[in-house]
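Protein chains in written order, with the working numbering: chain A, 1 to 413; chain B, 1 to 367; chain C, 1 to 530.
It cannot be assumed that every hint is accurate.
[Claimed, not checked] Listed next, the in silico DSBU-like pairs over lysine-lysine satisfying Cα-Cα at most 30 Å (straight line):
1. K376/A x K6/B
2. K399/A x K6/B
3. K308/A x K165/B
4. K165/B x K240/A
5. K399/A x K360/B
6. K6/B x K259/C
Hint data in this document are derived by calculation from the structure and do not stem from the laboratory.
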Amino acid sequence: MIKKSYTKLIAALTVCTLLLSTLTSCWDYIEYEELAQIIAIGIDYDKQTDNIVMTLQFIPTASSSGNSGSEQKSGKKGLVHSASDSTLYGALAELQQIVDKNFFYGYFKVLVIGKDAAQNILEPMMDLHDRTPAIRSSSYIVFTPGKAEDILSTIDSSHSEIAGNTLANLLDTVSTTGSSFPVTMQQFLEMLSISGLEAVGPSAYTNVENVEAKGGTIDHIRVNEQKEGKLMVSGLAAFKGGRLAGWLNDEEGMGVGWVLGKKIKAYKITQPKEDGKKEEAYFRISSSKSKIKIKLVNAMPSVDINIKISCALRKYYTENNSEFIDSKVIKELEEELSKSIKSDIEAALKKAQKDLQSDIFGFGFEFYRKYTGLWKERFEKEWDEIFPNIPVNINVAVKIPNTGTNIRSISVK
Amino acid sequence: MPQNVKLTREQIYFFTYLGIIGNIVYTHTWIDNDANRSAWVATFIGILLLIPFVLWTLYLGKFSPESTIFDIIRDSIGKFPSCILCFIFIAINICVAATQLTMFTEMLKVFVLQNTPPIVIIAIMIIIAFIVVNSDITVIGRLVEILTVIALLNYFSSFAFAFPKMINIKYIFPIFDTSLLGVINGIAFTTGTTSELLLILMMIVCNIPEPFKHRNWVISGIFSSAVVFSLAILIIMAMLSPELAKRIAFGGVNSARLITLGSSITGLEIFVIGTYQIIALGKTIMSMYCCWISFKRIFGERKTRLQLALAALVLAIPSILLKSYNSSYFIAVFLGRFIILPFLISVLILASIGIKIMKKKKGCVLK
Amino acid sequence: MKKYEKQAFKLTNKKAAKKSESNDINSNPVRPSEAQNRKIFTTIDDNFGFLTSIFGESIGLTQTKYEILEGKAQVGISYMQNNVDKNMISSYIVKPIIECTGDYLIDTSNLSVLIQSKLIHIPDVKRSTEMKQVVTALLEGYAIIFLQDMNEALLVGCKKADFRAVEAPNNEVTVLASMDSFTEDLEANCSMISRRLPTPDLHFEEYTVGRLSNTRVKLLWFDSISNLKVVEEIRKRIQSIDIDNIDGIGELAELIVEKPLSIFPKYRQTQRPDFVARNLTKGYIAILCSNSPFALIAPMFFIDNFKTMDDYSENFFISSFLRLVRVLAFFLSTSLSGLYVSFVTYNQAIVPSTLAINIATGRDGVPLPTIIEVLSLSLIISIIREASLRLPGSVGYFIGSLAAVVIGQSAVTAGYVSASVIIVIAVSAISSYAISTTTMVYPARLINYFMILMAGTFGMFGLINGLILVTWHLVSVRSFGMPYMYPLIPFDKEAVKDSFIRAPQAYTKIRPSILVHDNTVKTGNNTKKN
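Isolated chain A (complex conformation) (with noise of 0.2 Å):
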């Protein structure tokens, strides 16, 4: 009997020993503090040099005022550092040199990627960051025909906010003009790793350039000095390959949306009539399908798009019309905007088979998809050939189901 105590109690303190050495130290615990929050990254390639700059963007968690309790919303200017170095993580640890604070990416959400950086080190950044578990690849990737440099020294003047929140927003809201859409990084690399199916990123531009220094500069390490512009997204970048291909502006970027089926939410414009008269209607678009169909026509391929699209009127004619808006006349409007929704596909084909060259609606996706044997012996190959060549069918069909608030417009008298 006494034995067993004996052991029960020696097990114990061993057990006891063993927990509590590793109270001790607390390895991972890092206090609100200490962390600096990573809002936004930008990543600049110079050709000349052989050098990335990277730009952080982060917003200090310590606002030292002498009041704790109030909140004071004002003074939450971020910092915009810039490095540059040969690599990126090169340029990461100048970075850490001149920041007294941990970096925490949990907060992350805008990645910055230039037009230089876009064209020859897409690659390697993209793996980068696709294996840093630090990094959420639930974060918006952008693209700039300038520096990401210059985007995340742009504060928007009319409410004081950061670059990277900025970008956040637009981002979140661009559906309402249809010109773009938001891709997160993990869309991006699935872009880019779906064989049939080139890669497209939204496109961000400023009205800022050349961010002087504040305080000078250390060894290319730079504090950016923010300046008042303004941001906007538009268009989108187009890839082929890991390499940026080309620019697509903002009647050829909803033209991809129609095709790809992303949430449009915007307003549509009928083409003028052809008697010169000027007259347009408005629409508010609603809701937006695409279906993309294969066929093989003498054993190449032909790809049917229907589109339907659901909206509502917001203008009618304004000249000699105050009779009721019957089906008949519904039916009239239906077809002019389709009209100009099949226009806008046509630009964005146009741009994407014959300047770029690049599948970007996933054509190919959908032949793998279909025909899969046929893919993998001979079309993924040749795909780039044939691609520029493939003869498109676009059907739109538009539903009016309702025209606003009245059915009929005033006539002035």
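We have chain A already, so just place chains B and C on it with the hints.
Structure of chains B and C alone, referenced to chain A:
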């Protein structure tokens, strides 16, 4: 130590769940290269293919209701072969548990606790497993029951936020886009890896009341875990695309990182890590229990607590020495492909031969 | 040491010497426990003298002799002044004895029968020949009638009942159920229960425990329903108690509950007779003891902590919702602080970014690390609770709210703690009182401290390990032989209907099977399902 304590139906059901889902939560990406979009179908069929072996084990358990399979071999063929088999059994259990613990520890280090030394994490898991195995099998059964329910609820409630925005139907169809050979490869690998279930089943067959009559309990457990696991793989494939799903190291956790609901609900992978922690702990408990029972068979019934401590130590040391995720990944794949199932089949064959010998000796039909 | 020992030895020796010196009863002070084996003396004077020597002069022992039947016989009545109802003695014992005439043909051998059957107007009369019973009876409030020249005495019960009146329960307050509670009188308590269950199936068994306190303990159960093995087990344990004093049901419980002790309560103490009656019909077993206004219900399951009597008086939707609220309160009180610590220091990514900025602003200038803040505030809340329990009446309320406001607000303004910690600690403290039994408050807070420590060292990993350890502990606890997590593990579909939710009466026809041995169906088939 009375071994006649019987487990209830729910406990057997959840034991099979936890027995099947072990190393495969990490290594299921091995078959994605061969089976591509039909990985989930291959997993489903692969797990169902375990059923004949399970039935075989339960049928053997009918003949000697108070002892494990190894006891049958000991009673019929002799102590020496059964000792050798026990040693190999212990070695396999050590490998399974060590790879599981190392992979879980490295996953924690990647996502959450970057600076904590892995020895601390492994030590804590082993200590908790020791405390649990110290009580008797009923407590283990009840604990496994409630923890598996919590783990499953955890896992699927995190993924409930993913519907419908992130599931992309296009990634699922067409299903059979690879060759038949690839699918068969996938099925074979899955059956091999999930036959860890038989490791624990051979030990607790004496605790199941009337094993062969209640085979439905185990079979329903296998069926539902096949459904659950292949559903999980299907969801992962639909959220990422199959091309991306091939490359991930940690199954559900990678895909749970993508789930956001607005800007407020992010970071749900913590809960999925909780599920993985419960799975790792459950497998450690089962392996420790198997090692302990085998030690008791080899060394006799004296000083059982000391033998348990020895089992814990023997499990802990390889996990600490094995410091790399990638080597444990490949060791687990190797175990699953070539070692576990052949060993178990040979044990079952020997046990059947043993039954026949015993029947001949006794000259009557054993019920 | 040795000197003291020698002196003590001398004293005891003196006493023993004294004892053996004279056999005269009256010159030897005899301790009451030594009255064990004596029989009643024949003469009344001897009896009186013996009793005086045992009890001494100051305890209030009153002894008088009377001559009855016109001098034909003598009786002596002794009683304790403080324990008896003097009116009963004078009206129903002394008066009839003195006033009876000698017309009866008497035979002195029949005197005790005569007095018992014809003269005393109190039905509670016992005859005894043992001095031990006389002594016990005197202490319990009986009046003793000694008969001259007979070795017998009559013990007449005329106890003074001066117990507290029946009031509303102050610990378990309900809104819609009955509002009587137990008092310190064992008989009254038992009558409250048997008034609710007037069937002969309800069995009572009485035991006496405690060498000095002689506490009467009653065991109640339904013979046709309860599991007789459990009853037998409890009976054995009560009979094996060997202690000197039992103050109340809590001490009794600690002696009969099985080891190892756990922080969770293995029995339930209640003040309400309707609750006891309900549990008895489900198959539980109740224990009552004298001088304690609480009853003990055994065995107990974890889910019983969340049940109150109000659940059965209200609509089942509402009661199910309230039960779920209590379970949620339990989880909040155990893990909210741990979750806060883990989310703020280890897994910051899960907190939404605007909330994160608010928390960070609140932590401005706070000197303590988060885990120390949380721990110290929890301790302070426990101290406040203890303080407000001991303060009398209105002062208690005032001090309680003052402390909360002062400590909370000023601490935040002075910069000792951050505001979010106060909210978290306050919510978790309040939720721990929302669980329906007060005995569950402290286990919940203890687990809370444990979880804070685990979360503070390893974040979510530690929290889940803590959860696993607590679950393991819950699963391995046995209460009187029954597994503690009963309706869930081992799973019993019928009993689950009255655990986290309360299914309507029509759906719960079957009693929990682990507690009953036979009579499992409790409602007939005519109960309408709706």
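Structure-based check of each hint:
As the CA atoms of K376/A and K6/B are separated by approximately 56 Å, the hinted pair breaks the 30 Å bound. Our distance criterion of 30 Å between C-alpha atoms is broken by K399/A and K6/B, whose separation comes to about 67 Å. For the hint linking K308/A to K165/B, the alpha-carbon distance of about 20 Å falls within 30 Å, and the restraint holds. Among the hinted pairs, K165/B with K240/A is consistent with the structure: their alpha-carbon atoms are about 27 Å apart, no more than 30 Å.
Between K399/A and K360/B, the direct Cα distance comes to roughly 83 Å. Violation of the 30 Å bound is thereby established for this hinted pair. A C-alpha spacing of about 23 Å is found between K6/B and K259/C, which places the hinted pair at or below 30 Å, so the restraint holds.
The earlier numbered hints that this structure contradicts are 1, 2, 5.
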